[in-house]
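Engineer: What follows is each chain in one-letter form.
Protein chains: 2
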Amino acid sequence: MARSERVNLAEKLARFSDRWSPKVVETLDGYGIKLVKVQGEFVWHSHSEEDELFLVLDGGFRMDFRDRQVDLAAGEMIVVPRGVEHKPFAAEECSVLLFERRGVVNTGDAEAGALTRPERQLV
Amino acid sequence: MARSERVNLAEKLARFSDRWSPKVVETLDGYGIKLVKVQGEFVWHSHSEEDELFLVLDGGFRMDFRDRQVDLAAGEMIVVPRGVEHKPFAAEECSVLLFERRGVVNTGDAEAGALTRPERQLV
Numbered sequence: 001m002a003r004s005e006r007v008n009l010a011e012k013l014a015r016f017s018d019r020w021s022p023k024v025v026e027t028l029d030g031y032g033i034k035l036v037k038v039q040g041e042f043v044w045h046s047h048s049e050e051d052e053l054f055l056v057l058d059g060g061f062r063m064d065f066r067d068r069q070v071d072l073a074a075g076e077m078i079v080v081p082r083g084v085e086h087k088p089f090a091a092e093e094c095s096v097l098l099f100e101r102r103g104v105v106n107t108g109d110a111e112a113g114a115l116t117r118p119e120r121q122l123v
Numbered sequence: 001m002a003r004s005e006r007v008n009l010a011e012k013l014a015r016f017s018d019r020w021s022p023k024v025v026e027t028l029d030g031y032g033i034k035l036v037k038v039q040g041e042f043v044w045h046s047h048s049e050e051d052e053l054f055l056v057l058d059g060g061f062r063m064d065f066r067d068r069q070v071d072l073a074a075g076e077m078i079v080v081p082r083g084v085e086h087k088p089f090a091a092e093e094c095s096v097l098l099f100e101r102r103g104v105v106n107t108g109d110a111e112a113g114a115l116t117r118p119e120r121q122l123v
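Each protein sequence line maps, in turn, to chains L and W. In terms of full-length UniProt numbering, the first sequence is numbered consecutively and its last residue is 123. In terms of full-length UniProt numbering, the second sequence is numbered consecutively and its last residue is 123.
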């Protein structure tokens, strides 16, 4: 049986510095709780099968949709439903907690590019 | 298609004061992101089919297991795997974000009692 352990988010965030590369810190059913650092502009993409939660832990970022933009600060979150095109943008570095199904690739259904990363376990 | 909206956790927390009664603020696939305020001692219980995430937003609480206790402060989280008996305790009021399958009853497989609450949508 899995043993549940305390996870300190700040301590986990201190253990990596690369951006746009989600790190799995816990799992729940078939889902991953992941941490990611973002800065700059991501690519337009969507995920055909998965909804995706973004919860800002530190800093802030803007989620662009095709028809609008949503600014998010620490303590704010947004769920992007499956199939909805989105593109995160962060002027300054921002730390985000993601909740999404295990195995999701960050660039979704977009063609793999320079920012494409498989999820990784934080070691 | 669902429209994604910004959710400010502090603003949502300000809208209720009852304890041990999880409020759904967002959904993702078949899962709920819920907010709950806790204080005092809950009951021993487990959930046979669902893992459960607890992320402390404000304050702190202690998760008791049959063989140990885990103290959790703001910015810390724990996943309680399905089938594992647990009992939260908070000396002072504490605000927690839950992530778990929709429809989970807070007292799980324990006999319904004074603290049993179905999840509710935060209106």
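Check the hints yourself; a few may be wrong.
[Claimed, not checked] If you want the ones that stay clear, here's a sample from chain W, every Cβ over 10 Å from chain L, calculated:
#  : residue
1  : Trp20
2  : Asp29
3  : Gly59
4  : Asp71
5  : Glu93
6  : Phe99
7  : Glu100
8  : Gly103
9  : Ala110
10 : Ala112
11 : Thr116
12 : Glu119
[To be verified] Cβ pair distances, simulated, as ranges:
#  : chain 1 : residue 1 : chain 2 : residue 2 : range
13 : L       : Ala73     : W       : Arg117    : 28 to 36 Å
14 : L       : Glu49     : W       : Gly83     : 38 to 46 Å
15 : L       : Gln121    : W       : Glu93     : 31 to 39 Å
[Stated by the list, open to error] Some chain L residues close to chain W (C-beta under 8 Å, calculated; not the full set):
#  : residue
16 : Ser17
17 : Asp18
18 : Arg19
19 : Leu115
20 : Glu119
21 : Leu122
Keep in mind the hints are simulated off the structure, nothing from the lab. Bear in mind the structure is a predicted one, so any value in this text is a computation, not a measurement. Ideal Cβ positions, reconstructed from N, Cα and C, are used throughout, including at glycine.
Engineer: Checked against the structure, which of the hints given earlier come out wrong?
Structural biologist: 2, 4, 6, 7, 14, 16, 17, 18, 19, 20, 21
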